[in-house]
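Q: In order, the protein sequence lines correspond to chains A and B.
Following the numbering used here, the numbering of the first sequence begins with 834 at its first residue and continues without gaps.
Following the numbering used here, the numbering of the second sequence begins with 688 at its first residue and continues without gaps.
Just so you know, these hints were derived from the structure itself, not from any lab.
Any given hint might turn out to be false.
To be verified - Just so you have them, the derived chain B footprint on chain A, three or more residues with Cβ under 8 Å:
1. 851-859
2. 875-886
3. 904-910
4. 958-969
5. 973-982
As the list claims (entries may be wrong) - Distance windows between CB atoms, simulated:
6. Thr-1002/A - Ala-892/B: 21 to 31 Å
7. Glu-970/B - Trp-889/A: 40 to 50 Å
8. Leu-979/B - Ser-895/A: 41 to 51 Å
9. Glu-994/A - Val-890/B: 26 to 36 Å
10. Tyr-1011/A - Thr-980/B: 25 to 35 Å
11. Thr-1002/A - Asp-835/B: 28 to 38 Å
12. Pro-895/B - Thr-937/A: 21 to 31 Å
Every residue gets a Cβ at the ideal spot worked out from N, C-alpha and C, and that includes glycine.
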Amino acid sequence: MVADEEILDLFFARSEQGIRELDDKYGRLCRRLSCSIVGSEQDAEECVNDAYLGAWNAIPPSRPSPLLPYIAKIVRNVSLNAYWKKAAAKRNSRYTVALEELETCFADSKTVETEIEAREFARILGAFLDTLSLENRVIFLRRYWFADGYREIAALVGLSEKAVSVRLTRIRGKMRRYLQEREVFL
Amino acid sequence: MNAKRVSDALSELDPQYVQEALQYKGRSKAPRWRKWGAAAACLVVVVALVLGGTSMFARESLPQLQPASPASPAADAPDGMRKMMNYNGNRYVFLENGAAYSLSAQQLKAALGTLDYDIQADPQANGKKEFSTTFALGGTVYALADYDPAFRLAVEWEGNYYLCQRTGQTDNSPMDAAEYFAAARFPERIERVSIADHAGAEVLAEFPGGEISALIGELAQAQPAALTEEDYLAIARAQTDGESYQLLLDLNDGTTVSLYVIPSLQIAMIGDNRYALPDSFSEKFGDLFDGLTQGPLPAQ
Chain A
834 MVADEEILDL FFARSEQGIR ELDDKYGRLC RRLSCSIVGS EQDAEECVND AYLGAWNAIP
894 PSRPSPLLPY IAKIVRNVSL NAYWKKAAAK RNSRYTVALE ELETCFADSK TVETEIEARE
954 FARILGAFLD TLSLENRVIF LRRYWFADGY REIAALVGLS EKAVSVRLTR IRGKMRRYLQ
1014 EREVFL
Chain B
688 MNAKRVSDAL SELDPQYVQE ALQYKGRSKA PRWRKWGAAA ACLVVVVALV LGGTSMFARE
748 SLPQLQPASP ASPAADAPDG MRKMMNYNGN RYVFLENGAA YSLSAQQLKA ALGTLDYDIQ
808 ADPQANGKKE FSTTFALGGT VYALADYDPA FRLAVEWEGN YYLCQRTGQT DNSPMDAAEY
868 FAAARFPERI ERVSIADHAG AEVLAEFPGG EISALIGELA QAQPAALTEE DYLAIARAQT
928 DGESYQLLLD LNDGTTVSLY VIPSLQIAMI GDNRYALPDS FSEKFGDLFD GLTQGPLPAQ
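Required output: the full structure, derived from the provided sequences and hints.
A: Quick look at the structure:
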């Protein structure tokens, strides 16, 4: 399999072979990530193709390293755009369930002034993630960033599905308390 | 809309977390070596120990209880029956598989009766009778000084003394966890709590002394679990997958009480009974078990 640097060289050389190599190496993961969010393989295929176009337009001048998290983020953002565009009643993916789990952790803001913007919230979330063990951090990311199901997460970390469920319940409880202590509202 | 804001924030997370999750190689599950049969899923809630300076009770000085001699293999109850007896609606197991203990006359209080009914001879008829037993038939049951009979008793048989510890009720209904702990005078009698693998072969961690009282408080809230067949299967899987832990409670009388916990299922076993732990148990103590890995279970 082609190394990331070679893929980036192909992008810089504006060779469409770069897209093919990218898809060959990371396409399966990208489609799975997208499908977890949009809930449809067909929609996921479109989102991944849009994401490749986004990467094509961004590289160069960007030369991301490592490449995979960069591509995964583009896929995720494109997929989320498609997800939010769907009528609320038709949002029927694993991501919907995952988001519903998370919603219970966040208190509504009392006033507009107390709302927090996404980047600041991301910084605080990162600080919270740093308080977790590596294993718990991975479990959290796989569920709420990658929208993996309990079975996939259990297989990855070597726990039972029930154990993963209990861990996530605990982590959400910790996050709720962490955010409350810092008076973070959405 | 909270969900979208959360989603947006996740999108802005530092890529290092994403990379970490992409590269993670998890632990492998313990191989399924062991068949548990009827003994599946022992969860024991360990009662916390109150350590020295943090104890609100005066430290009592109890006579140390040590086996005078190990149990004789020939004394094992036939047909695989464990050594147990019934008294006052409660079931008791003989400690250390029926080892004889050195007890003084001062340690024995009132004689409560004689073990007249042989469970092995007629399990159907005698299995739940008062003063029925699988061991030490004909022995005399005594209350023990410094121990609530709802926790421990002594049996004198053929010149030897045996200790019996309550493990359940003769009608198989579950004990009340809080009452049991109170009878055992936990946490004040616990000196140390260790977290071991399910087999008890390896100590994986020591329970923080400062949290033992809180642990007892949580365990006292455990309620009898109504388990389905699926639950029993999950318990058995958790045992073979290294998610069941034995808690070793070292008491100030020199004895050790063993309990089992499966934090991932939020189930505990106290004596013969299984209990559902409150959610707060997992929130407060789940971290202690996270990351504890067990080696392959020994083949039976």
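Q: Which earlier hints turn out false for this structure, listed by number in ascending order?
A: 1 and 2
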